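> Let's have the full structure, built from the sequences with the hints guiding it.
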Amino acid sequence: MLLLYTFLISFLESIYRRGARRWRKLYRVNGHLFQAKRFNRRAYCGQCSERIWGLGRQGYKCINCKLLVHKRCHILVPLTCKRHMDIKPVIDGMDGIKISQGLGLQDFDLIRVIGRGSYAKVLLVRLKKNDQIYAMKVVKKELVHDDEDIDWVQTEKHVFEQASSNPFLVGLHSCFQTTSRFYAAEICIALNFLHERGIIYRDLKLDNVLLDAEGHIKLTDYGMCKEGLGPGDTTSTFCGTPNYIAPEILRGEEYGFSVDWWALGVLMFEMMAGRSPFDIITDNPDMNTEDYLFQVILEKPIRIPRFLSVKASHVLKGFLNKDPKERLGCQPQTGFSDIKSHTFFRSIDWDLLEKKQAIPPFQPQITDDYGLDNFDTQFTSEPVQLTPDDEYVF
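Note that the sequence shown covers residues -17 to -1, 1 to 377 in mature numbering (1 follows the signal peptide of the UniProt record, and there is no 0).
Source of the hints: derived by calculation from the structure; they are not laboratory data.
A few of these clues could be false.
Said to hold, decoys possible - Okay, derived cross-link-like pairs now, EDC-like style, lysine to aspartate or glutamate, Cα gap no bigger than 16 Å in a straight line:
| hint | residue 1 | residue 2 |
| --- | --- | --- |
| 1 | K209 | E179 |
| 2 | K8 | E33 |
| 3 | K339 | D195 |
| 4 | K308 | E237 |
| 5 | K188 | D216 |
| 6 | K305 | E282 |
| 7 | K120 | D92 |
| 8 | K283 | E273 |
| 9 | K305 | D334 |
| 10 | K308 | E236 |
| 11 | K294 | D321 |
| 12 | K308 | D216 |
| 13 | K188 | E210 |
| 14 | K338 | E197 |
| 15 | K112 | D90 |
| 16 | K283 | D306 |
| 17 | K323 | D334 |
| 18 | K209 | E237 |
| 19 | K120 | D90 |
| 20 | K201 | E33 |
| 21 | K338 | D195 |
| 22 | K308 | D321 |
| 23 | K201 | D216 |
| 24 | K300 | E253 |
| 25 | K188 | E253 |
| 26 | K339 | E197 |
| 27 | K305 | E236 |
| 28 | K305 | E237 |
| 29 | K300 | D321 |
| 30 | K112 | D92 |
| 31 | K188 | D262 |
| 32 | K188 | D204 |
| 33 | K323 | D306 |
As the structure is a computational prediction, the values presented were derived from the model and not from experiment.
This is the structure:
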């Protein structure tokens, strides 16, 4: 009996007590049940006969007859599915989320994890200003990038808002995203300092943005810098980290400080969306190369996630303009002023920020004299050993 009881408990925990999950949305056309798919091998559209390629889930596949089509072509398929199934169509998602600007993560004390699902976890939190206790649902942004993923989040938020007026339903107190504004503003100040001194940084990326003990940013690694540029001067060296290289560099054009503002746009996108605007996740060797990445940067329009606020979307579009003459921060006389006056940065006290008097949203925890807990063990576990000199090399 004890063995059977243990088995039942284990069975319940492994299946029935798992967190709720969502299956991919089905699109019904002429009896076909299409589902968004990522194709790791060469695939061709059954409607237009062109190759299906691109980022993310590039096409649709019928789960019954296995017909492959482009996303844009699935509604044009005239053929009836050979294995027609009568399933009700899935309702489309709700309107875009408007992120609350009133509260942020810094306004809460995080007490304990009290729940976890397939794409989010729930924290017990305390609102600092009045000690009220709330449950905070935290959704990981990198798990929310397809249209239907975004629809799920939007729908849940909309239902939360409506439920707030009913005493027997959990309502919504506030909705916010962890802020990237503070770090982006400090990076802007650092880049402008270099630009005023005729220096192009040329290697802005997450790896080169450090935090000091107080939580302020520090840019590091000046190996790609170009100095000695006056107003209107340009250079032409092809260099940088592939994912952050500006289109004008890839086109072989002369460029100036504009490439740093493009890289900031990529970095801000990563901070806000939890992924790169040029993510390539594929086993196809033809699509896993620098040449393909460069083609994407040059030719593909950048899709701003719909869960971002209007202000965040606008500033990303400004920095990620493929035309450097139209890019935010690139006007000869007003570049940095244009950035500071942008609606996304309107809440920033730039004077306070430049004096390092603004309070950072995060302060690193330092447990020893060196603070090595904040560095990747991939590096800190390596032996401290210098390569010996070769006496035959002068």
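> Please go over all the hints and tell whether each is borne out by the structure.
Structure-based check of each hint:
no.	hint	verdict
1	K209 <-> E179	holds, 13 Å
2	K8 <-> E33	violated, 24 Å
3	K339 <-> D195	holds, 11 Å
4	K308 <-> E237	holds, 12 Å
5	K188 <-> D216	violated, 24 Å
6	K305 <-> E282	holds, 9 Å
7	K120 <-> D92	holds, 14 Å
8	K283 <-> E273	holds, 15 Å
9	K305 <-> D334	violated, 31 Å
10	K308 <-> E236	holds, 13 Å
11	K294 <-> D321	holds, 14 Å
12	K308 <-> D216	holds, 14 Å
13	K188 <-> E210	violated, 19 Å
14	K338 <-> E197	holds, 13 Å
15	K112 <-> D90	holds, 8 Å
16	K283 <-> D306	holds, 14 Å
17	K323 <-> D334	holds, 11 Å
18	K209 <-> E237	holds, 13 Å
19	K120 <-> D90	holds, 15 Å
20	K201 <-> E33	violated, 48 Å
21	K338 <-> D195	holds, 15 Å
22	K308 <-> D321	holds, 13 Å
23	K201 <-> D216	violated, 27 Å
24	K300 <-> E253	holds, 14 Å
25	K188 <-> E253	holds, 10 Å
26	K339 <-> E197	holds, 10 Å
27	K305 <-> E236	holds, 13 Å
28	K305 <-> E237	holds, 14 Å
29	K300 <-> D321	holds, 14 Å
30	K112 <-> D92	holds, 10 Å
31	K188 <-> D262	holds, 15 Å
32	K188 <-> D204	holds, 10 Å
33	K323 <-> D306	violated, 20 Å
The structure fails to meet hints 2, 5, 9, 13, 20, 23, 33 from the earlier list, while all remaining hints are met.
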